[in-house]
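Trainee: The lines below spell out each chain.
2 protein chains.
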Amino acid sequence: MESISIQEVAPRDGLQIEDQFVPTEQKIDLINRLSDAGVDKIEVTSFVSPKAVPNLKDAEEVMMSINRKKDVTYTALIPNVQGAERAAICKADEVNLVVSVSETHNQKNVRRTVDESFRGFSDIASYLSGTDIAVNGTLATTFGCPFEGNIDEDRVLKLVDHYLELGVMGITLADTTGMANPKQVYKLCRKVLERWPNLPLTLHFHNTRGMGLANVIEGIHAGVRRFDASLGGLGGCPFAPGATGNICTEDLVHMLAFMDYEMRVDLDCLIGVSKYLETILGHEVAGQVIKAGKITDLHPV
Amino acid sequence: MESISIQEVAPRDGLQIEDQFVPTEQKIDLINRLSDAGVDKIEVTSFVSPKAVPNLKDAEEVMMSINRKKDVTYTALIPNVQGAERAAICKADEVNLVVSVSETHNQKNVRRTVDESFRGFSDIASYLSGTDIAVNGTLATTFGCPFEGNIDEDRVLKLVDHYLELGVMGITLADTTGMANPKQVYKLCRKVLERWPNLPLTLHFHNTRGMGLANVIEGIHAGVRRFDASLGGLGGCPFAPGATGNICTEDLVHMLAFMDYEMRVDLDCLIGVSKYLETILGHEVAGQVIKAGKITDLHPV
Numbered sequence: 001m002e003s004i005s006i007q008e009v010a011p012r013d014g015l016q017i018e019d020q021f022v023p024t025e026q027k028i029d030l031i032n033r034l035s036d037a038g039v040d041k042i043e044v045t046s047f048v049s050p051k052a053v054p055n056l057k058d059a060e061e062v063m064m065s066i067n068r069k070k071d072v073t074y075t076a077l078i079p080n081v082q083g084a085e086r087a088a089i090c091k092a093d094e095v096n097l098v099v100s101v102s103e104t105h106n107q108k109n110v111r112r113t114v115d116e117s118f119r120g121f122s123d124i125a126s127y128l129s130g131t132d133i134a135v136n137g138t139l140a141t142t143f144g145c146p147f148e149g150n151i152d153e154d155r156v157l158k159l160v161d162h163y164l165e166l167g168v169m170g171i172t173l174a175d176t177t178g179m180a181n182p183k184q185v186y187k188l189c190r191k192v193l194e195r196w197p198n199l200p201l202t203l204h205f206h207n208t209r210g211m212g213l214a215n216v217i218e219g220i221h222a223g224v225r226r227f228d229a230s231l232g233g234l235g236g237c238p239f240a241p242g243a244t245g246n247i248c249t250e251d252l253v254h255m256l257a258f259m260d261y262e263m264r265v266d267l268d269c270l271i272g273v274s275k276y277l278e279t280i281l282g283h284e285v286a287g288q289v290i291k292a293g294k295i296t297d298l299h300p301v
Numbered sequence: 001m002e003s004i005s006i007q008e009v010a011p012r013d014g015l016q017i018e019d020q021f022v023p024t025e026q027k028i029d030l031i032n033r034l035s036d037a038g039v040d041k042i043e044v045t046s047f048v049s050p051k052a053v054p055n056l057k058d059a060e061e062v063m064m065s066i067n068r069k070k071d072v073t074y075t076a077l078i079p080n081v082q083g084a085e086r087a088a089i090c091k092a093d094e095v096n097l098v099v100s101v102s103e104t105h106n107q108k109n110v111r112r113t114v115d116e117s118f119r120g121f122s123d124i125a126s127y128l129s130g131t132d133i134a135v136n137g138t139l140a141t142t143f144g145c146p147f148e149g150n151i152d153e154d155r156v157l158k159l160v161d162h163y164l165e166l167g168v169m170g171i172t173l174a175d176t177t178g179m180a181n182p183k184q185v186y187k188l189c190r191k192v193l194e195r196w197p198n199l200p201l202t203l204h205f206h207n208t209r210g211m212g213l214a215n216v217i218e219g220i221h222a223g224v225r226r227f228d229a230s231l232g233g234l235g236g237c238p239f240a241p242g243a244t245g246n247i248c249t250e251d252l253v254h255m256l257a258f259m260d261y262e263m264r265v266d267l268d269c270l271i272g273v274s275k276y277l278e279t280i281l282g283h284e285v286a287g288q289v290i291k292a293g294k295i296t297d298l299h300p301v
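Protein chains in written order, with the working numbering: chain S, 1 to 301; chain Y, 1 to 301.
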């Protein structure tokens, strides 16, 4: 049996765009339940300006109050050295950097050129070099940009290289607005893994146009074994009007479990946490397994 | 470029379980628009008892009033010889037979044992043998039964064999309640196509647990080139409580188009017909591309 890592992003990527602020205690409770369910990594929060992302203004309190399990990596998104300092104070296991492959998207998202973003990352890498905090580098709009359209594969490879020169431990290729198709995923991931066979490579998909889990399948065929997903399918992108959310963690785990992949996470626990998430949010989530049940949930005759 | 056939089932599989009866004129209009969009086959209606499926009580009028295009196959579901007679009068190009691989599901669905169903199919085949109406044999619950659970692959092969002995021109493996996973799809389809390499084999998936398009990908890897889908993702199964619908035609075509598969159908036309379908039904459909737009629909900066 091959093993797959499930990396949960709902507490950051999902909650940041919810209409309502989720109280700190409930965030902590949600993250603790996700830890208990056995996901491999949790993006806990982001250390950005509370003005930019008011929903995550409690980043420090959340990161310092959760119960940390030794098998779980607790990561946080950071935009700059100040964020790195905050993450270091809270003893995050990892920080996650994000730059868009698309210049236009990067400008819209963080008001910097891609070069400016990497210069900032260099400062972050210097700051963190004396610590035991790992750095993950995410490339947003890897498979397409809602403004620019197609993304050049060679540019993706070049930016992966930039990240690796900074000493990042892992790379995430993110399909920020759900533009990837399965054939494209296979092709690009093969290119990346042929050049860097031992790179800890994560795929981050959105299900905007229904292709999310199909893209996971081709990512697996290409050799990828780490996937971001969001409980209940929470999330989306403010720069992609009309978009639905990230791929749904419990739907992903349900599919992979019945394909006989080994995962640390417990599917039943995860489904329970997703139902709990609905009570926190006060609205339904996009996940389908919590509606239809697992394929092994048989009906009485 | 490899070619893929898109077979539309919304007029039958979708409309049959809508809460409201769709007026005959609108059904005809919908089917004509689907023909114009360029789908390869349309399941127009079913010649069953109007008491059993009141939504399709206008089967004759619909089948006789639509504009028939020579490149499109117009098929109808039939349960018995009486249905075959009605289909023959209306000059359907093809009739579609359905039996469940699961005894329990067949009993629930048509109140017959699987053997009784095949005895009835034998009578239908005899009746149609002098006509130019093709026969397609569908196996429901091929990948799992909501009552019995797992389905034995050898039993599927045996029933395909039964169908072929009756002289059917094509076989459809249907995942009636959305229980198939991608690995299972690949394995079973390889088995079927290794035994019958030239069999016109269709896969019919539901997106009940989000795996629909992922299953298509593995069907393609296994060599399948014909897929049923339902405009807007309409449909479902009354015997699978909580289930969402069939895989969505325009989402399927959108994915395959950007994977460079050749299809007769025009994606933009299809998206237009799906929006028209929403106006007919008076409610939103499950399709995602009509909400998010195609990946080539860029946003202004």
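It should be emphasised that the hints constitute simulated quantities derived from the structure, not laboratory data.
There could be a bad hint or two in this list.
[Claimed, not checked] Dumping the calculated BS3-like pairs for lysine-lysine here, alpha-carbon to alpha-carbon at most 27 Å: (1) Lys108/Y x Lys294/S; (2) Lys69/Y x Lys275/Y; (3) Lys187/S x Lys294/Y; (4) Lys291/S x Lys291/Y; (5) Lys69/Y x Lys91/Y; (6) Lys187/S x Lys69/Y.
[Unchecked claim] Some chain Y residues judged to face chain S by a derived CB distance under 10 Å, without partners named: (7) Ser126; (8) Gly130; (9) Phe147; (10) Lys183; (11) Gly210; (12) Ala257; (13) Gly282.
Since the structure is predicted, the reported quantities are computational estimates derived from the model, not experimental observations.
The C-beta atom is built at its ideal place from N, Cα and C for all residues, glycine as well.
Trainee: It remains to establish, for every hint, whether it holds in the given structure.
Mentor: How the hints compare with the structure:
{"no.": "1", "hint": "Lys108/Y x Lys294/S", "result": "holds (21 Å)"}
{"no.": "2", "hint": "Lys69/Y x Lys275/Y", "result": "holds (22 Å)"}
{"no.": "3", "hint": "Lys187/S x Lys294/Y", "result": "holds (21 Å)"}
{"no.": "4", "hint": "Lys291/S x Lys291/Y", "result": "holds (21 Å)"}
{"no.": "5", "hint": "Lys69/Y x Lys91/Y", "result": "holds (13 Å)"}
{"no.": "6", "hint": "Lys187/S x Lys69/Y", "result": "violated (38 Å)"}
{"no.": "7", "hint": "Ser126", "result": "violated (33 Å)"}
{"no.": "8", "hint": "Gly130", "result": "violated (40 Å)"}
{"no.": "9", "hint": "Phe147", "result": "holds (5 Å)"}
{"no.": "10", "hint": "Lys183", "result": "holds (4 Å)"}
{"no.": "11", "hint": "Gly210", "result": "holds (4 Å)"}
{"no.": "12", "hint": "Ala257", "result": "holds (9 Å)"}
{"no.": "13", "hint": "Gly282", "result": "violated (21 Å)"}
Checked against the numbered hints above, the structure breaks hints 6, 7, 8, 13 and satisfies the rest.
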